[in-house]
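Q: Each chain is listed here by its residues.
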Amino acid sequence: MTSGPGLAGAERPAPPASPSSDGGRRRWRVRRSPRTTPRSTLTRGAGLGLGLAMTWFSLLVLLPLAAIVATAGENGVSRYLDVLRNDQTWAAVTLTVGQAALVTIVNVVVGTVIAWVLVRDAFPGKALLNVVIDIPFALPTIVAGLVLLSLYGPKSPLGVDWAFTRYAVFLALAFVTLPFVVRTVQPVLEELDADVEEAAASLGAGRATILRRIVLPALTPAITAGAALSFARAISEYGSLVLLSGNKPFATEVVSVRVLTFIENGNQASAAALASVMLAVALAVIVLLDVVQRRVARRG
Amino acid sequence: MSIEVRGLNKSFGDFVALSDVNVSLPTGQLTALLGPSGGGKSTLLRIIAGLDTADSGSVTIEGVEATHLPPQKRNVGFVFQHYAVFKHMTVAKNVAFGLEIRKRPKAEIAEKVDELLRLVHLSQFAHRLPAQLSGGQRQRMALARALAVEPSVLLLDEPFGALDAKVRKELRDWLRRLHDEVHVTTVFVTHDQEEALEVADEIVVINEGRVEQVGAPDTLYDEPANDFVMGFLGEITRLGDVLLRPHDIAVSTAAVPDALAGRVTRVLRVGFEVRVSVETPQGETLVVMTRTHARSLGLDVDAAVWLRPEPGATTVPAAGSSLVR
Chain X
1 MTSGPGLAGA ERPAPPASPS SDGGRRRWRV RRSPRTTPRS TLTRGAGLGL GLAMTWFSLL
61 VLLPLAAIVA TAGENGVSRY LDVLRNDQTW AAVTLTVGQA ALVTIVNVVV GTVIAWVLVR
121 DAFPGKALLN VVIDIPFALP TIVAGLVLLS LYGPKSPLGV DWAFTRYAVF LALAFVTLPF
181 VVRTVQPVLE ELDADVEEAA ASLGAGRATI LRRIVLPALT PAITAGAALS FARAISEYGS
241 LVLLSGNKPF ATEVVSVRVL TFIENGNQAS AAALASVMLA VALAVIVLLD VVQRRVARRG
Chain Y
1001 MSIEVRGLNK SFGDFVALSD VNVSLPTGQL TALLGPSGGG KSTLLRIIAG LDTADSGSVT
1061 IEGVEATHLP PQKRNVGFVF QHYAVFKHMT VAKNVAFGLE IRKRPKAEIA EKVDELLRLV
1121 HLSQFAHRLP AQLSGGQRQR MALARALAVE PSVLLLDEPF GALDAKVRKE LRDWLRRLHD
1181 EVHVTTVFVT HDQEEALEVA DEIVVINEGR VEQVGAPDTL YDEPANDFVM GFLGEITRLG
1241 DVLLRPHDIA VSTAAVPDAL AGRVTRVLRV GFEVRVSVET PQGETLVVMT RTHARSLGLD
1301 VDAAVWLRPE PGATTVPAAG SSLVR
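Going down the list, the protein sequences come from chains X and Y. Per our numbering, the very first residue in the first sequence carries number 1; after that it's consecutive. Per our numbering, the very first residue in the second sequence carries number 1001; after that it's consecutive.
It is worth saying that the hints were derived from the structure and are not from the lab. As the structure is a prediction and not an experimental result, all values here were calculated from the model. Among the hints, erroneous ones may be present.
[As the list claims (entries may be wrong)] Under 10 Å between C-beta atoms, here's a sample of chain X residues computed to sit facing chain Y: (1) E198; (2) T209; (3) A218.
Note that CB positions come from ideal geometry on N, CA and C, so glycine has one too.
With the rest of the complex left out, here is chain X (with noise of 0.2 Å):
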């Protein structure tokens, strides 16, 4: 009762300063708190599985990141920065970064929406939806493409024709990422208990007020990862495109295409740069996430 985290590191003595004749790294040791919890809990088997883990990610990851970056930064920084100051390359990012966003806001609410409905209500035909929901998962994106052309192409029995337009993009982009929202909070809204609700109600708390300050904060991760996970899909998606967006140069152009049209040319060091800078939005992209997440889990 009485011996907090706090409270057992500070009986414990000040570690000793560090013998080191560094003398900055020294003054930054002493400066912090005592640790409590030891730097490493790994074993002889743990070290061995983190090994190889690194060594797999790294082959597979850390290594070809490294790649794209170097070679990117071949013919130094004006180089770099001239394939970015080009308007049809700046015109393809933005595109690709604005319509991916706003797919994933547009996930984030139809998708909650949908596991709610998934999760808490009956219906006929609920199962069918349940298994529906994956198609866009699996179908090739090809075919992805060539489904909404039928719909909404030239020939659409709607009689609106987005084809090679920017809506093409948005529709694309949506149809291959709806599941993601969808599929990583219907676990978590099944595993949500009632009673917390009920507990929420007989203390006098609206329908709306459960869900802002009861429901939500307990969904905010499992929302953060679904529009993650459709962020990365959406700014790399390619397949559903080439059919439908028509990749018109400052109209439909994405960047993966543009990726394309670089290597195609021969152009490797600003296919490269162009990645680069793609990687580089999509880890403040999650960084983002995980501040927002962070948030909203603490404000109930």
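Following the hints, complete the assembly by docking chain Y onto the known chain X.
A: Then chain Y, alone, in the frame of chain X:
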């Protein structure tokens, strides 16, 4: 009367959870709804709280007709078996929730939360998350949260059901003392007769959706209305054509008038008591006595004994009863 329940019926599909239940619970008392699992006691509690709706019948809380009021408007505090904590909020925030909903001034909320946390002995945990508390502490927090809004009645649904035996006993005593301090009308559901007998001012025995008997613990124990109540509140055995408690049987090793002759088939010592099985012409009878008493009688397997009810023993006729072991 604080809570008046009249003619309540509730079915889930084919299953009848409550049938024509009438109960009056007086103000300021600690009442136990006691009965076997699936007997309808939790359903009754949830209907009083407005978390379930009855098929027919009425509920009145503190003179206010509440049958169709939503839970938010009933001013009841509800404590759940599995705590129902708000996981993402600190202990203090959990307790403050109901007051924040009511838009009380911040200073007042802080003061009230402080007072309640002291009452449930959780002051030093105010800034922890519920995940960092033990089960007993979480349930005390849930109780403080329910008390914060100053409810007219406090309802507890198997509040100690998820806790281990020792903590359960502690919390039970503590609830009794808390009630003596706070005096809010309290109703708690339990299937543990010991818990009900020890804590409650009044017990409502519910079985198969019906109220079997209402009364003080002693009344129920000494004057059970039927064999079910008698059997549920303590162990019973059959002696001839009556049911009675195994410790209410006098044993002698020599023939006495009006006694039933039998033969000892088993002697089992459990701690301070000795449980003796006796085979009589009308079936097996269980007798419970202290170890000293058993030793003075020198009981052993195959010994001949004569059994009769102790004078003043509570008995009910055995005819038609399904409860005899």
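Q: Flag every earlier hint the structure violates by its number, smallest first.
A: none
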